[in-house]
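*Asks:* Start from the sequences and build out the full structure, keeping to the hints where you can.
Here the numbering used here is used: the first residue of the sequence shown is 1, the next is one more, and so on.
Keep in mind the hints are simulated off the structure, nothing from the lab.
A hint or two may mislead.
Below are the DSS-like pairs computed for lysine-lysine, each with C-alpha atoms no more than 27 Å apart in a straight line [unchecked claim]: (1) Lys431 <-> Lys392; (2) Lys392 <-> Lys404; (3) Lys645 <-> Lys317; (4) Lys366 <-> Lys47; (5) Lys47 <-> Lys118; (6) Lys111 <-> Lys47; (7) Lys317 <-> Lys366; (8) Lys424 <-> Lys392; (9) Lys118 <-> Lys431; (10) Lys424 <-> Lys366; (11) Lys404 <-> Lys424.
What follows is a list of derived Cβ distance ranges for each label pair [said to hold, decoys possible]: (12) Pro695 <-> Ala56: 46 to 52 Å; (13) Gln779 <-> Arg219: 32 to 38 Å; (14) Ala770 <-> Met460: 29 to 35 Å; (15) Gly128 <-> Ser463: 40 to 46 Å; (16) Glu428 <-> Asp202: 58 to 64 Å; (17) Ser109 <-> Gly554: 45 to 51 Å.
Glycine included, each C-beta is placed from N, C-alpha and C at the ideal position.
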Amino acid sequence: MPRIRISPLALAFTACGLTVAVWPHAAAPAAEAIRFDRDILPVLADKCFACHGPDAGHRQADLRLDTFAGATADRDGARAIVPANPQASELITRIHSTDPDVAMPPPDSNKQLSDAEKDLLERWIADGAAYDAHWAYRPLIRPQIPSSRSPSGGPGHPIDAFVDARLATEGLSPLPEADRATLARRVALDLTGLPPEPTEIDSFVADPAPDAYERMVDRLLASPHHAERLAAWWLDLVRYGDSVGYHGDQEIAMWPYRDWVINAFAANMPFNRFTREQLAGDLLPDATRDQKIAAAYNRLNLMSAEGGGQDKEYHAKYASDRVRATSGAWLGSTLGCAECHDHKFDPFTTRDFYAFAAFFADVQEKGIYHGANGNGIWGEMMWLPSPEQAAKQADLEAQIVAAKAAVDAADGDAPRGEAAAELKRLEEELKAAIDAQPHMPATVSGSPRIVRVLPRGNWMDDSGEIVAPAPPAFLPAASQPAEAAADVRLSRLDLARWITAQQNPLVPRVLANRLWAICFGQGVSRRLDDHGSQGEPPSHPELLDWLACELRDGDGGDEAWDIRRVLRLIVTSAAYRRSSTAPAEAIERDPENRLLARQNRHRIDAEMVRDTALTASGLLARQVGGRSVRPYQPEGYWDYLNFPKRTYQADTGESLYRRGLYVHWQRQYLHPAMMVFDAPSREECTARRPRSSTPLQALVLLNDPEFVEAARTLAAKTLAEGGADLLSRARFMLRRAVGRVPTDDEVGVVADLVERHRQLLAADAPAADAMLAIGAMPQPAGVDPIEMAAWMTAARAVLNLHETYTRN
Numbered sequence: 001m002p003r004i005r006i007s008p009l010a011l012a013f014t015a016c017g018l019t020v021a022v023w024p025h026a027a028a029p030a031a032e033a034i035r036f037d038r039d040i041l042p043v044l045a046d047k048c049f050a051c052h053g054p055d056a057g058h059r060q061a062d063l064r065l066d067t068f069a070g071a072t073a074d075r076d077g078a079r080a081i082v083p084a085n086p087q088a089s090e091l092i093t094r095i096h097s098t099d100p101d102v103a104m105p106p107p108d109s110n111k112q113l114s115d116a117e118k119d120l121l122e123r124w125i126a127d128g129a130a131y132d133a134h135w136a137y138r139p140l141i142r143p144q145i146p147s148s149r150s151p152s153g154g155p156g157h158p159i160d161a162f163v164d165a166r167l168a169t170e171g172l173s174p175l176p177e178a179d180r181a182t183l184a185r186r187v188a189l190d191l192t193g194l195p196p197e198p199t200e201i202d203s204f205v206a207d208p209a210p211d212a213y214e215r216m217v218d219r220l221l222a223s224p225h226h227a228e229r230l231a232a233w234w235l236d237l238v239r240y241g242d243s244v245g246y247h248g249d250q251e252i253a254m255w256p257y258r259d260w261v262i263n264a265f266a267a268n269m270p271f272n273r274f275t276r277e278q279l280a281g282d283l284l285p286d287a288t289r290d291q292k293i294a295a296a297y298n299r300l301n302l303m304s305a306e307g308g309g310q311d312k313e314y315h316a317k318y319a320s321d322r323v324r325a326t327s328g329a330w331l332g333s334t335l336g337c338a339e340c341h342d343h344k345f346d347p348f349t350t351r352d353f354y355a356f357a358a359f360f361a362d363v364q365e366k367g368i369y370h371g372a373n374g375n376g377i378w379g380e381m382m383w384l385p386s387p388e389q390a391a392k393q394a395d396l397e398a399q400i401v402a403a404k405a406a407v408d409a410a411d412g413d414a415p416r417g418e419a420a421a422e423l424k425r426l427e428e429e430l431k432a433a434i435d436a437q438p439h440m441p442a443t444v445s446g447s448p449r450i451v452r453v454l455p456r457g458n459w460m461d462d463s464g465e466i467v468a469p470a471p472p473a474f475l476p477a478a479s480q481p482a483e484a485a486a487d488v489r490l491s492r493l494d495l496a497r498w499i500t501a502q503q504n505p506l507v508p509r510v511l512a513n514r515l516w517a518i519c520f521g522q523g524v525s526r527r528l529d530d531h532g533s534q535g536e537p538p539s540h541p542e543l544l545d546w547l548a549c550e551l552r553d554g555d556g557g558d559e560a561w562d563i564r565r566v567l568r569l570i571v572t573s574a575a576y577r578r579s580s581t582a583p584a585e586a587i588e589r590d591p592e593n594r595l596l597a598r599q600n601r602h603r604i605d606a607e608m609v610r611d612t613a614l615t616a617s618g619l620l621a622r623q624v625g626g627r628s629v630r631p632y633q634p635e636g637y638w639d640y641l642n643f644p645k646r647t648y649q650a651d652t653g654e655s656l657y658r659r660g661l662y663v664h665w666q667r668q669y670l671h672p673a674m675m676v677f678d679a680p681s682r683e684e685c686t687a688r689r690p691r692s693s694t695p696l697q698a699l700v701l702l703n704d705p706e707f708v709e710a711a712r713t714l715a716a717k718t719l720a721e722g723g724a725d726l727l728s729r730a731r732f733m734l735r736r737a738v739g740r741v742p743t744d745d746e747v748g749v750v751a752d753l754v755e756r757h758r759q760l761l762a763a764d765a766p767a768a769d770a771m772l773a774i775g776a777m778p779q780p781a782g783v784d785p786i787e788m789a790a791w792m793t794a795a796r797a798v799l800n801l802h803e804t805y806t807r808n
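*Replies:* Encoded structure:
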């Protein structure tokens, strides 16, 4: 093979390990058309952009491969990429090199290209090396729906038109619809986070009406538990917690914000208003109490009362926290990566980061909240009395006015002393009444702090330029109302308007993708946290754009930004209703189900695990809203919480059996059962939870008091309602857990387990008594403890089944 001449560009490559190489040219095999965003950008982003991407501070050899202009720039007669001429492209020369001193990426980078990736790059350059805008940043234009027909001959469902067209192209056939019991449980879990009662499943299975499924969906969407389901999803994104996160991780009452989120979803509040009230509810004209509660989103950041902390340092931390959270929750982007340097993979600059942070500079707050670990006052606070509490406060205030007048009018020492004592009593009673009222951190706008670019993110370096609020420069600009002066500073209200503006293509795609993930277990683009170049291109880009347009624009008379309507569209599609049980051939063809020939199955989230056990046992308290609750927790778990020292006291009564959504969220010491099932600490925005499968999960289900008590209560329910004979009761118990009608073999296994434990426990009555003593719910009277304990053992096994906590 001939050696390639050393060009000035080759020397530039050499500066970062890219040098001259031998390039064996071979014709690329015929294949489908190459798409830059799907095929090329992921390769360049993963293998090249760290050294040759957007980050000017870390760019090697002053070579950019993330832009067409940079990649094709003429450098003394040589170019990294020569469109339509791979032989003349230095990039191709180097990726084919076998010389370790020449090959790119360098061998020690662990970023070597596969033969298929090399072939893709070569074919792409031969085709002209077109650089397209990243899929998530392109203008959002409603795509044409592929033609399709429903099984009845009418117009097909638009979602199925997109999905089935892709399946036909790939030569795959969709699976049939899931059986009705599976479908009822699937849609109930997805839309409410709760499994349906067996009677609800039976009613749907027996309903012959052609719209039976749609009516079930509408009932679920109208349920207050649907709002709770969406709230749990949203609270992960905005990193809601019941503690401050930093240092002593002191408790803080943010639950009114959580209840506002539930109420907003229950009212089907349009997402643009939902956004506006959270980011800037306090800035709205004549802001209501609810709008001010919504604006407490701006106080969900971690806070500190550490004695040795620096105010300026923590102001920088809080600003960074808000940028990461807001860009993650709404933009699905990693703008936080631009805090210290320009983003290595996406067009976000460091200036973008600090200009985005400047939107929140008017929020009045301290850096260090000295004394808050004792008095619970974390800066500006908002008191939220109930009508009864407000009336009591007004009455006491009126009595105090009268008591002061009585003091002034008293004649003589004794009467004056009595009047003064009464005044003091009333003032103490008023203080106690106000202290008993719910109160939470409030967002109060004031004079904005100066925000400047911090070189390398160093809060002590004031040499950076001062920046004004602005959205990322490469995205459409923010606009102000027409009557606003040209030099008026942009506010959080402007940010909220920009986020859901017609010209912003990113937000509707991000939201549509996440709603799809609620219903399919994974997004059309699977990286729910990163819709940039390090994410994953959507498997069905036209479908995602169509859903995004449905969200942003509505349809005809329907209001725009209607989350409930889009969820209904998704769950009424044939794609959603398909079976998740696929033949081996289908799994081999599409192991990750990116083509959607079937549904996905997955373990349910931590809160749903708790809720499913409580529902199966009949323990679940269905009250909506209210203060966070404290379930059973291992003794000593909080022993290392300091400033101040705290002890954990489990709640009593119905509070023990509330939904997982309401469990006290201690960020540093998250409840162990929640943590084991992958609930996030919510110190950061979480767009997608991991789904692990570990022995610890089985141990929690077998031994955690809340699950042991659920098993005991399920056993009692089985004995009371499950029929008179062994097999009927075993069948009843299994149905409570998994929803479907169990097979005779499955019923036999449970019955055999009960019989064997009757014998074992009859010989060890103290063991039976110890089992039945776990949990606060009283035992039913008149039940043989041996019989109850035997069925309790079976219930512990049934509540540990894989199927019990799997959404099929």
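*Asks:* Could you tell me which of the hints above the structure violates, numbers in ascending order?
*Replies:* Structure breaks hints 4, 9, 10, 14.
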